[in-house]
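Engineer: Okay, here's what each chain looks like letter by letter:
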Amino acid sequence: MVTLGHFLLLSGLLMAVGLYGVLTRRNLIAVLMSVEILLNAAALAFASVAAFRDPHLFAGQVFALFVIVVAAAELSIGFAILLNVYRTHGAVTDDAISEMRG
Amino acid sequence: MSLLQEVWQAVKAIGTGMATVHKRVYEEAPTEFYPYVKPELPPVSVQSLALVENEDGSERCIVCLQCERACPAQVITIERHRNPEGKGFLIDRFDIDLVNCMYCAACVEACPVSSIVTIQDFEMSTYDLQTLKADIDFLHEQARRARQWYSPKFGVELRTDDGRIEKAPPEMQPGGLAEILKPAEEVDS
Amino acid sequence: MSLTAFYALAAFALVFAIFAVTTANMVRAAFSLAITFFLIAGLYLLLGSPALAAIQFMVNASAIPIMTLFIIMMTQSRSSAGPRTWQIAAGLLAAAAALVFFKGAVGHGDGQITPVSPETLGVNLLQAALLLFEVASVLLLLAMVGAIVLARRRAG
Amino acid sequence: MRPIPIPEDRHFRPRLIGYDPQKSRPWLERTVYAAYVFVFWLIVIATYAGVPALFGALGWDGGWGFVLMRVLQVVLLFLLSAVIALLLILVLRKYLGKVQERFGPMHYGPAGGIQTVFDALKLLAKEDFVPAAADALTFRLAPAVTFVASFAMFAVIPFASGWVLADTNVGLIYLIAVSTLSAYGVLLGGVSSGNKWALIGALRAGAQMVSYEIPLALVFLTVAVWSGTLRLGGIVDAQLGLWNFLPLALPFVLYVIASLAELKHIPFDFPEAESELIAGYNVEYSGMSFAFFFLAEFVELFLLPALIVVFFFGGWHGPLFGIEPGSLAAGALESLYFTLKTAVWVWIFLWIRATLPRYRDDQLMEFAWKAMIPLALFGLVLAAYMRLIWR
Chain W
3 MVTLGHFLLL SGLLMAVGLY GVLTRRNLIA VLMSVEILLN AAALAFASVA
53 AFRDPHLFAG QVFALFVIVV AAAELSIGFA ILLNVYRTHG AVTDDAISEM
103 RG
Chain Y
715 MSLLQEVWQA VKAIGTGMAT VHKRVYEEAP TEFYPYVKPE LPPVSVQSLA
765 LVENEDGSER CIVCLQCERA CPAQVITIER HRNPEGKGFL IDRFDIDLVN
815 CMYCAACVEA CPVSSIVTIQ DFEMSTYDLQ TLKADIDFLH EQARRARQWY
865 SPKFGVELRT DDGRIEKAPP EMQPGGLAEI LKPAEEVDS
Chain Z
95 MSLTAFYALA AFALVFAIFA VTTANMVRAA FSLAITFFLI AGLYLLLGSP
145 ALAAIQFMVN ASAIPIMTLF IIMMTQSRSS AGPRTWQIAA GLLAAAAALV
195 FFKGAVGHGD GQITPVSPET LGVNLLQAAL LLFEVASVLL LLAMVGAIVL
245 ARRRAG
Chain X
116 MRPIPIPEDR HFRPRLIGYD PQKSRPWLER TVYAAYVFVF WLIVIATYAG
166 VPALFGALGW DGGWGFVLMR VLQVVLLFLL SAVIALLLIL VLRKYLGKVQ
216 ERFGPMHYGP AGGIQTVFDA LKLLAKEDFV PAAADALTFR LAPAVTFVAS
266 FAMFAVIPFA SGWVLADTNV GLIYLIAVST LSAYGVLLGG VSSGNKWALI
316 GALRAGAQMV SYEIPLALVF LTVAVWSGTL RLGGIVDAQL GLWNFLPLAL
366 PFVLYVIASL AELKHIPFDF PEAESELIAG YNVEYSGMSF AFFFLAEFVE
416 LFLLPALIVV FFFGGWHGPL FGIEPGSLAA GALESLYFTL KTAVWVWIFL
466 WIRATLPRYR DDQLMEFAWK AMIPLALFGL VLAAYMRLIW R
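Protein chains in written order, with the numbering used here: chain W, 3 to 104; chain Y, 715 to 903; chain Z, 95 to 250; chain X, 116 to 506.
Chain W extracted, bound-state conformation (with noise of 0.2 Å):
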């Protein structure tokens, strides 16, 4: 029998892989990717408790379908500022954006 615990704690540990990714990653692409998890995540957990606990509303899972919209536009812009990172300073690195910090 599958509980609304299990769902729960899917995202949560998607949650710590996309946490981490966001930490770790070198590549600002890579990092959109691993906010990208953080944001299914998210979306897992809203879908999963609007079904188990909200037999009229299902407010969660429009909640849910908005988080995916946000990822596409938080996406859409996250690649347009990275093409310009690219175009001035000829890498997508956190290493050659840092030249602010002198």
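Treat the hints as calculated values from the structure; they're not laboratory data. Ideal Cβ placement from N, Cα and C applies to all residues, glycine included. Incorrect hints may have been included.
[Stated by the list, open to error] What the simulated footprint calls covered on chain X by chain Z, stretch by stretch (three residues with Cβ under 8 Å from a Cβ of chain Z suffice, anywhere in the stretch; the number is not a length):
hint	region
1	244-258
2	283-289
3	303-316
Assemble chains Y, Z and X onto chain W, guided by the hints.
Structural biologist: Relative to chain W, chains Y, Z and X alone:
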């Protein structure tokens, strides 16, 4: 030109093209079924070389080395020795390297007895280039297989079913040159 | 059977997610990210929500990794440098913190899954969550315009 | 003297069956095509009527038995896609040959009818190598992904009433998702080949397919708005009185154009433009991997016309001659109608391929974004408005 007109023209062009293509499908293709149906070659057609023997099987070639000298690509190699019993020479070796031959037929023009001729056998493809280093046996064999050959001296000659060599009728001669070829006939007889 | 399916989907999703955040080959990372999202779409199916699964499939599992592959090609970053030591430490620490945060989920409830049809979801989206829907459309429009403006090649 | 072998017949001459060297025999060719279509029809009947009947008789239609039944059906569909590929490659070569004043394949089998089988065997026997510069894992995976993405569309295609693997009520969204997916294999294959032509081809393919996804999805939505359902069976049922291509003429035309682009078909074949990119994204592939790319291409060449039939030409509808609907005979007849309608559309696609030249790359993108998408949006609004007025 308005946008609608442009769109209409494009649609009309595509429609015309597709109609043309569709009509083409039902027409017969002009494909030649080559390996099954042999092509009709003109009587004079330099496809390969052969060395013609006389009807009695004796050598027609007098080993005068004219062809070896005439060859621009130097693919003809001839070795000979003097005939100990009569006059003239005997052949030791008569090779034509058909790989490097450029089929200009200069040797055919040079031959005083019309022994070396052009034949219509063009199916020379092979898996082994060595088979195209033609020696005298090969050249004789080619001549025996050929039904029709050409030399400037005798014009087009035919081999009949019983193996005799005959002069082709005037309409098969190049340009119908029966009169010009008359002196050549006298030399033959 | 649903438990078996859950464990299979969850295990593979985790494995591919971990592969996506650790591999140095960016093309493979993007691809394993896509597989993770496919498996999450399967989890949505388990949750009785085919519409959400289809949208996850369409947006997260297809469009986003393809865009990622594009940007990987355009910025010529086929491989990523390995993390620094302090980054690994920080990452593991953050991951552990997230797990501590979620430990309350273990053994949480045994509720019944209520399937939601696409119609219900659509009606909810256009009635109860109309404002959210409109905000999402404006957000997408802004993102599109912003991305075009940002990525446009400037003259000179 | 060296003996020189003179073979009596120096040429390898395969047998010619059905071709009088002097004239072709169109009826023989058509018989061959009809035989292929007949095999196709038999497999369809076996998949959608035979296998469920068998499992029902055995009493295995629940739990794992159901799963086994689905697996068997998918295996049969794989066989079906092989038949489709064999037939379509043959028809393509014959048809293009006729248009270009040639005969096409004609040596093996009646009228060249099993030439493609030999081609497939040749591809199977060839060495399947990975170039040194390639990313081996991704390179190996890409053909499989491409094929699965095309093949997955079979799940929701209704061959007759009730003859569908998954009669899901999100069928259209599933189709949009799966058709996006086929860009993956192409992109991965080109990117992992380590070849500049393949890379350019893959980037072109990605850009083109992502761009033409949008009008395609908008047309899907238009059909959904008009029919009031996302279920493909429901869409076909809604066309009982009037086939959709009349009221939805504009989306129909857009769909044909967009599916040509989605197929990477002439006039939109930039990803594999031979004259510019050698063969585009699949230039490094050989043997079995290449066969899978090929198979995927021709399965799509069947599936997108099949979707035209489902969306705009009444799917399986046709005169039933008093056969009771729902029976096996009715299902067989309906699937035959579906197959024949699809065959007509495949032929039209091949006809387009034989006629038109290739576009230019920037014109292609401009056409997608400046013409197709606005028109598709207009069609969507128009369909919604007509729906409000008429129904």
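Engineer: So, for every hint listed, does it hold in this structure?
Structural biologist: Do the hints match the structure? See the list:
1. Three residues within the 8 Å Cβ limit are the bar, and the region 244-258 of chain X against chain Z gives 4, so the coverage statement holds.
2. Here's how the region 283-289 of chain X fares: 5 of its residues keep a CB closer than 8 Å to some CB of chain Z, so the rule of at least three is met and the hint holds.
3. For a cut-off of 8 Å, the count of residues in the region 303-316 of chain X with a CB near a CB of chain Z stands at 4, and the three-residue condition holds.
Checked against the numbered hints above, the structure breaks none of them.
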